[in-house]
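Student: Chains L, A and B, in that order, give the protein sequences.
Residue numbering for the first sequence follows our numbering, starting at 1 and increasing by one per position.
Residue numbering for the second sequence follows our numbering, starting at 1 and increasing by one per position.
Residue numbering for the third sequence follows our numbering, starting at 1 and increasing by one per position.
You may find that some hints are simply not true.
Said to hold, decoys possible - Computed Cβ-Cβ distance ranges for the label pairs, DEER-style:
| hint | chain 1 | residue 1 | chain 2 | residue 2 | range |
| --- | --- | --- | --- | --- | --- |
| 1 | A | 226 | L | 147 | 49 to 55 angstroms |
| 2 | A | 193 | L | 119 | 39 to 45 angstroms |
| 3 | B | 213 | A | 124 | 52 to 58 angstroms |
| 4 | A | 226 | L | 189 | 22 to 28 angstroms |
| 5 | B | 438 | A | 124 | 23 to 29 angstroms |
| 6 | L | 59 | B | 384 | 53 to 59 angstroms |
| 7 | B | 71 | A | 193 | 44 to 50 angstroms |
Treat the hints as calculated values from the structure; they're not laboratory data.
No experiment lies behind these values; they were computed from the predicted model shown.
The beta carbon of each residue, even a glycine, is placed where N, CA and C say it ideally should be.
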Amino acid sequence: MTIANQELRTIMTAHTKDDENARRDFLQLTAGAMGVVGAACVATPLVNSLNPAKDTLALATIEVDVSDLKPGEAKTEMWQGKPVFIKHRTPKEIEEAEDVDVATLRDKQPDSARVQKPEWLVVIGVCTHLGCIPVGNKPTDAHGDYDGWFCPCHGSHYDTSGRVRKGPAPKNLAVPPYEFVSDTVIKIG
Amino acid sequence: MNRAVFSILAIFALFAVVTMPQAVQASEGTVHPAQQSWHFDGFAGTYDRGALQRGYKIYREVCSACHSMKRVHFRNLEALGYDESQIKTIASGYNVIDGPNDEGDMYERPARPSDAFPSPFPNKNAAKFANGGAAPPDLSLITKARHDGPNYVFGLLTGYEEPPHGETLNDGQHWNKYFPGHKLAMAPPLSDDQVAYEDGMPQTVEQYARDVVQFLTWAADPYMEERKRTGLKTLIFLLVLAGVMYAVKRRIWADQH
Amino acid sequence: MGSGERAEFKNPVIGWIDERLPLFTLMQKEYGVFPTPRNFNYFWNFGAIAMFMLVAMIVSGIVLAMHYTADTELAFDSVERIMRDVNSGWLIRYIHMNGASFFFVAVYIHIFRGMYYGSYKKPRELLWILGVLIFLLMMATAFIGYVLPWGQMSLWGATVITNLFSAIPWVGDSIVTLLWGGFSVDNPTLTRFFALHYLLPFVIFAVVFLHVWALHITGSNNPLGIEPKGPQDTLPFHPYYTMKDSFGLVLFVILYALFIFYAPDSLGHPDNYIPADPLVTPPHIVPEWYFLPFYAILRAITFNMNIYFLAGIAGLFTLLVEFVWREKPKMIAAPYALPILVASLFLAALGFIGDQYPTLGIPFTAAEDALVSAKLGGVLAMFGAIVLLLVLPWLDTHPIRSARFRPLFKWSFLLLFVVFVFLGYIGSQPADAAFGPVPLSLLGLLCTGYYYGFFLVILPFLSRFEKGRNLPKSIHEAVLGKGA
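Working from the sequences, and respecting the hints, build out all of it.
Tutor: In structure tokens, the structure reads:
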């Protein structure tokens, strides 16, 4: 200890008082502001680097050939790390989906708002309750009480339009952005 | 103020000295390639889009027969000035292996923009076997992976000559002025009028080499332009900040000097 | 800390917190009003700059770690993915890559400043030792970090450096196998190196905390090397030194930014852009620039040390201790000094010649009879060079701190600086290179000799015999005198 505590104390009190009428002049404010701006400019790319990278984004669209799906069959494709259900619906299933009083549904959507062509249903196969994958794509699967999909985690039932009819899920299965590149090729994303 | 300006000048001078091309590594059998002047040189250097497109053509028609560029993707070609549909067309001219499909088999499909450039050989051993034991290196990073990369690659492509008196070459060896050890397995890859240019540039080995080096430099360092732009903004900001900090420091110390 | 005086704060929230946990008082005391010698020059900026670099490295490193994959199959690709696909990934990696170099730039200047102005002397010995520990930890962290991109230099640098440990007698090979987790530098090595590379910076941070704590117990040294005698010799740390440090830091960052944006790969080696290949060794393996002087010392020992050589060295060392280190010789009377010197030199020369010319057939000089092989000798010389730094406060016991008042120390120290830089040059060259007609290996040995001589002979000698100039009475007086 080269400076006695007593002296340190004197300096401390002296400068605390001094601080109160410290000169916060224009220059110091500028310097401070530039420091903050500089830090923000460095922080931005650091945080932004955590967003999806360019290779991830490049895979954000996929094209799916559905010519091999017969009516009544469905398949699962990976899109952005999530399963997408593509179902070739039979006339009976289409009828079931359309023949519902929308007002009675939990998430009120007519079937026409969920498909581009009635025979093709494209939905994201992630239960809107807590993110499990519903079953129902294979003929041997459980289809739930409404002939669509059934989420085994907490028992949500989805109909042939992927709408929730029973169980804890709050929303219908989401419809991803997609378009028909040709009659049998769907571009998702 | 003089001292602050002086220190900043000293910093720039120090930077210039440290990064000056050094004539080191005069080990056996190495000749230093001549320093070319490049469009991408210097603080404000950029890539010449025309040269990049021509260079890509050289790579596609000549180099890619043996050399992979597996870190470059078709989507990256946007930087060469191609638009999305052109890139799709270019990509679909290649087949890539994908799979396995539902039956468990691998299958070929046309490439998409998200695919990497397909490699000429399925693996390194195949590349070795097909090239007399010397696998042609991947070119994605070649200008960064060699000392004084762009000048070296340019020198190599234009440096083939007759072996000096007393030197003998084995089968499959070629004398190159700039290759360490001089005996290079790669045959002279370029010859005049080998690749057709549509923009009227001379169809000479030198021009080909110049263009392909610019393409390879881009491939190894695709963010160079963005880097230099960001650098300029950063430096301007820092220089202003240095001035302000100097003034602040002077003011605070004024009563102590 | 904690108890004792507390500062008063106008802001009630700060006051409330400070009553319960006096963080703000601590800050106020240690960084606000902390009495700091008023005569610092710009060399005193580099502690703060090094601190800034440590934080920059940790922040950029944590982000990089989120994108990096520590697996020999994927490491190189994941780094290239950072460079090409991750948003601003190239910038973050160049910040980190060049940051390592600039962290060392700052720390080297900081170390040389400490040596020039005698900052290691009583009562700051522990402060200095903590600093050397930080330096050692930095070297370990930097070396391990260079392995992670898994390029050719990563693999072969790791192979060469970890093989150093095989020079340790008896247990060396087992240690190397343990380090590797296999029989060569491979996937287990890479995985553990990544774990260590993430851990060590926080260890460094902890030691830096102790370093700063120790600094605030003794107070800072200053260019005059005399202690402040009262308030007229000091200034509060804030705003005087906070602003001076900030200005210096901005200048330093300008140079750093020039490298990041305009020559990002110039401090690295091109071979590290070639993926690691365990079947092909690069023709010329060099470590990063900040290791080069120590690498040159490692390579300077090219001879085996046999029984004659070591006996000669032991004799010379005894003379050194008796006649240079000690005030009065205890074990050897002065008349015996000369014969012992001659005998020691003769033995050392005999041992050296016997090793260099095995055809002479001098008994016990064959390579297999060597007590210390060239390899072990190099390793010992390299680590010894750092151990010398640890014991520096006891090698230089001269009462004057600052080189300003010790011309002999000053010039021999500046020569050490030149020698150290030249050792760096030697380390960067192939082992068989020459400087004009003189082989570099010989120059490396001479420079290593000077390095050791400076610490073991010159410093103790000057401690006893250098008179030094008159010190000013006080910092205040010296500063005013300069202004007048």
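Student: So, against the hints stated earlier in the document, which numbers end up violated here?
Tutor: 2 and 5
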